[in-house]
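Chemist: Residues per chain are reported as follows:
2 protein chains.
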Amino acid sequence: MRIIETIEEMKIFVKQVKARGLSIGLVPTMGSLHEGHLTLMRQAKEQSDIVVVSIFVNPTQFGPNEDYTKYPRDLTGDSVQAGTAGVDVIFHPQAQEMYPKGYSSFIEIDGITQKLCGLSRPGHFRGVATVVTKLFNVIQPDIAFFGQKDAQQVLVLQRMASDLNMNIVIEIVPIVREKDGLAMSSRNAFLSVEERRAALVLSSSLQLAKQLVTSGEINVEAIRQQVIASIQLEELAQIDYVEIHSYPLLETIDQIIGKTLLALAVRIGNTRLIDNIILEG
Amino acid sequence: MRIIETIEEMKIFVKQVKARGLSIGLVPTMGSLHEGHLTLMRQAKEQSDIVVVSIFVNPTQFGPNEDYTKYPRDLTGDSVQAGTAGVDVIFHPQAQEMYPKGYSSFIEIDGITQKLCGLSRPGHFRGVATVVTKLFNVIQPDIAFFGQKDAQQVLVLQRMASDLNMNIVIEIVPIVREKDGLAMSSRNAFLSVEERRAALVLSSSLQLAKQLVTSGEINVEAIRQQVIASIQLEELAQIDYVEIHSYPLLETIDQIIGKTLLALAVRIGNTRLIDNIILEG
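Going line by line, the protein sequences match chains A and B.
FYI, in numbering that gives the first Met the number 0 the residues of the first sequence are 0 to 280.
FYI, in numbering that gives the first Met the number 0 the residues of the second sequence are 0 to 280.
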């Protein structure tokens, strides 16, 4: 497995791969790899000849008061894990390499970015769309793999790829969870033992909503209020948002009819976690 | 020569060309072709195996009170001209094909878009950068050819291609002028006989500036005021802007030292024309 740190070297590698007629699968990550990432990599390996994992903590998708500097970084550990998943190349550029002096181009997606995490984190999806576009142009993958845990991110990137006529398939991989239900996240590493227990309130409240729908409840506000109430029972939890929208258009709805996204962001102590579930009415 | 109207058909053609190992040169235009465009096409033909010309009057680069609907359109005449220049394919999509319902992705370039035409035409370069990105993704050219007449546009697109790591060379082709000096433009077709004569004030004022520099004047404001005065002598002319900036960074300067861009936009009757010259101090 190679680790490539410059755009120029990465482009040379890609050119060689393309000349041999091989396909490329890309798994964009911010590192601090966990089982969720490894699932993406294994799926990429199944569907592509060459698997590239990018590890880049992207400054443009963090707000000024967010956790960019303290976001966990562990290239050594990540390399070992990526190797076991059959990854061929880790692309690991420095911030300076991706955003040199004078950098000034950004991708903006209107509409579906104006809710959920787009509201809580202004500029977040602009940063995500921009770095993903850059990675797409550098690595030129046939398929790129993203986790459903970042449900809105996936929708934004699908919208972008479709709107801008990119020649890349965006593949969504289901959420990978710990045995007790907590969605895998690099930010889980920030949780104390007590917070780790409290963090279960995210997945358990999603399960509550699922049970409500199964038992016939279709009123969006009723479900939302019960989810909010169940999270508020947890003292360490502070709700950022609990929202229910149509899926995949993220339109405002009153009733659960057809595919519906219940997405939530909750602060456990200082750590902001997200989770979601597709409800089917 | 083929005329292709859908993105899907264009992508199939491109795939076939790439499979044969041939290079693609792209000349993006809004049609109503003139000798300036034909020069771009001939240069594209020299440097590429296959030449694609896009003809698309791009709605997103026109402001609400601009000339989108009355912009000249003549596909039949354009096809004849493109054929004589050795063009292989005209890509001619409808607005609906490029911007379907729900379209919401845009490319924004900060900095160099905040002056000159970017100030006079808010959103103009956002529309240009977006449509060019889409054309790049659909046609996947090795080289794209743009005219220096749109000096700021070229700088914006070079910035974009570099920032976003696009795998495309952007080639700049010098301004092509009528014998009397008027820069070729599709909008010249709007000019009455009287306005056509008045429009010479653009190129003649640039020549005046050049003479001033040749004779030793390096004070930017002095040159600018003389250019403004010479344009104001023409009754039919109304200045939009006359600006002098460093080139290619478009920084504010006091003196002509090194490469400098003198760019102007002038309304002749209802027709807004632009022109520019590189001054070397």
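You may find that some hints are simply not true.
In this list, chains with the same sequence are indistinguishable; a pair is considered to hold if it fits within one copy or across any two.
Unchecked claim - Calculated pairs, DSSO-like style, for lysine-lysine (alpha carbon to alpha carbon, straight line, at most 27 Å):
#	residue 1	residue 2
1	K258	K100
2	K258	K44
3	K100	K114
4	K44	K14
5	K10	K148
6	K17	K44
Rather than coming from a laboratory, the hints here were simulated on the basis of the structure.
Predicted, not measured: the structure shown is a model, and the values here were computed from it.
Chemist: Indicate, hint by hint, whether the structure satisfies it.
Modeler: Taking the hints in turn, this is what the structure says about them:
1. K258 to K100: between (44 Å within a copy, 21 Å between copies)
2. K258 to K44: Answer is neither: 30 Å inside a copy and 51 Å across each miss the 27 Å cutoff.
3. K100 to K114: between (32 Å within a copy, 20 Å between copies)
4. K44 to K14: both (19 Å within a copy, 24 Å between copies)
5. K10 to K148: For K10 and K148, neither the intra-copy (30 Å) nor the inter-copy (32 Å) Cα distance is at most 27 Å.
6. K17 to K44: both (17 Å within a copy, 25 Å between copies)
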